[in-house]
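Number of protein chains: 2
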Amino acid sequence: MYLTEAKINFVSNHSMFELLFQKFDEKVSLSEEEKELCKSFFIPKKLRKKQWLLQEGDVCKYAAFVEKGLLRSYTINEKGTEHIMQFAFEGWWISDQFSFLTGEPSGYNIDALENCELLLLTRQAQDEMLERIPKLERYFRIIIQNSLIATQKRLASSRQSAEEKYNELIKSCPDTLPKRLPQHMLASFLGLTPETLSRVRKKMTLKKKQYVEDKA
Amino acid sequence: MYLTEAKINFVSNHSMFELLFQKFDEKVSLSEEEKELCKSFFIPKKLRKKQWLLQEGDVCKYAAFVEKGLLRSYTINEKGTEHIMQFAFEGWWISDQFSFLTGEPSGYNIDALENCELLLLTRQAQDEMLERIPKLERYFRIIIQNSLIATQKRLASSRQSAEEKYNELIKSCPDTLPKRLPQHMLASFLGLTPETLSRVRKKMTLKKKQYVEDKA
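Here the protein sequences line up with chains A and B, keeping their order. Each number in the numbering used here comes from the position in the first sequence (counting from 1) with 1274 added on. Each number in the numbering used here comes from the position in the second sequence (counting from 1) with 1274 added on.
Simulated from the structure, these hints should not be mistaken for laboratory data. One should not assume that every hint holds.
One copy or two, either will do: identical chains are not told apart, so a pair holds if it fits within one copy or between any two.
[Claimed, not checked] Below, simulated DMTMM-like cross-link-like pairs (lysine to aspartate or glutamate); rule was C-alpha separation at most 25 Å, straight line:
#1 LYS1409 / GLU1307
#2 LYS1427 / GLU1356
#3 LYS1297 / GLU1310
#4 LYS1483 / GLU1437
#5 LYS1482 / GLU1391
#6 LYS1309 / GLU1405
#7 LYS1335 / GLU1364
#8 LYS1481 / GLU1437
#9 LYS1323 / GLU1356
#10 LYS1445 / ASP1332
Only chain A is shown next, with the shape it has when bound in the complex (with noise of 0.2 Å):
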């Protein structure tokens, strides 16, 4: 494993659990008791920009829900060449569920593109605590549908022109995204080279100016 024992950082701070809870309570009503229970199911992470949490090979042993930061999941083609698949932003969830769920080694990588704090949650303790409240079956089967519906949407996506997909990118993603990200992994995520990007947003920007121009 890549990510060992050594290099997990425990979070004593409570507070790292604000961000889940507000996440939580926005699906399901859960008890002060019930948060309490929660706590002992994570286990808070910090990771540093540029650090590991899952490379391929290895079986993908947490499910990391972001308090803070940023990261990515990606894939490298036999040319050494980067796909990226996802990126996670606070609130959001980052895994390989493949992994996670069957146990097998993961086909994905997944690092920190920003100085993060993680709350990790294995297999086991997800299983334990979805038996011990089994209200959260009901917030975990929302954030799944969701997460869902983006990598069908990502998926609908690969068959259109880099147009299109830099359109939809800019519709559906938070505003921060473009300020947060170089523009080679903004590149990588849609599936064109930056050479391609810078094209279509070029040409975006003309269309824009144009379109002022007329309306003036």
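Here the structure of chain A is known, so what remains is to put chain B in place on it, guided by the hints.
Same frame as chain A, now just chain B:
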């Protein structure tokens, strides 16, 4: 709406719930009373081969459980080319989750590739069923999880070569898939032209033959 009430053929046969309850039983334990209650939330429906369940531009009103038959969901691009996103066999669910959950018009079409027996669930019926039988949250969480894994795999494979895609498919699909589907639909699912699929299959057959001869 394409799917009008007049087109819904109600089916009285209660054995239609056999497979659904078998699938429920694999994940959660329901009493006979709960099963009876369940039935009241579903609309049994028969669909003949080539009939539609959902047409692009309409809101996806139903999540459909397949008791018998085979359906597909697909998009059509500006040039009129179909791209198959998902097949659904006996025991699977099919819908456009995005449209089903948000009430936004769908970008997908769903139609029957064989005569089908379906159990339809509206969003409202699903919500009410989950409220009355919260145990079922677990069942839906798990099936959505499996759907997410399958979609993530499809997304990752959209960047693979034709040969890798085909290999992935024959490893992961039910054995009956290639027999029940015309070649051009398999090609569309894989994002290949029928010619490329045919070339890949020939190459694979040759490789297999060569392997057998080398072994002999």
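To see whether the hints hold, each was checked on the structure:
1. LYS1409 / GLU1307: Intra 13 Å, inter 21 Å, cutoff 25 Å: intra and inter.
2. LYS1427 / GLU1356: For LYS1427 and GLU1356, both the intra-copy (20 Å) and inter-copy (16 Å) Cα distances are at most 25 Å.
3. LYS1297 / GLU1310: Within one copy only: 15 Å inside, 34 Å across.
4. LYS1483 / GLU1437: within (17 Å within a copy, 44 Å between copies)
5. LYS1482 / GLU1391: neither (39 Å within a copy, 50 Å between copies)
6. LYS1309 / GLU1405: Both: 14 Å inside a copy, 22 Å across copies.
7. LYS1335 / GLU1364: Cα proximity of LYS1335 and GLU1364: one copy only (20 Å, versus 32 Å across).
8. LYS1481 / GLU1437: within (12 Å within a copy, 39 Å between copies)
9. LYS1323 / GLU1356: within (18 Å within a copy, 42 Å between copies)
10. LYS1445 / ASP1332: The answer is between: 21 Å across copies meets 25 Å, while 35 Å in one copy does not.
Hint violations for this structure: number 5 only, all remaining hints satisfied.
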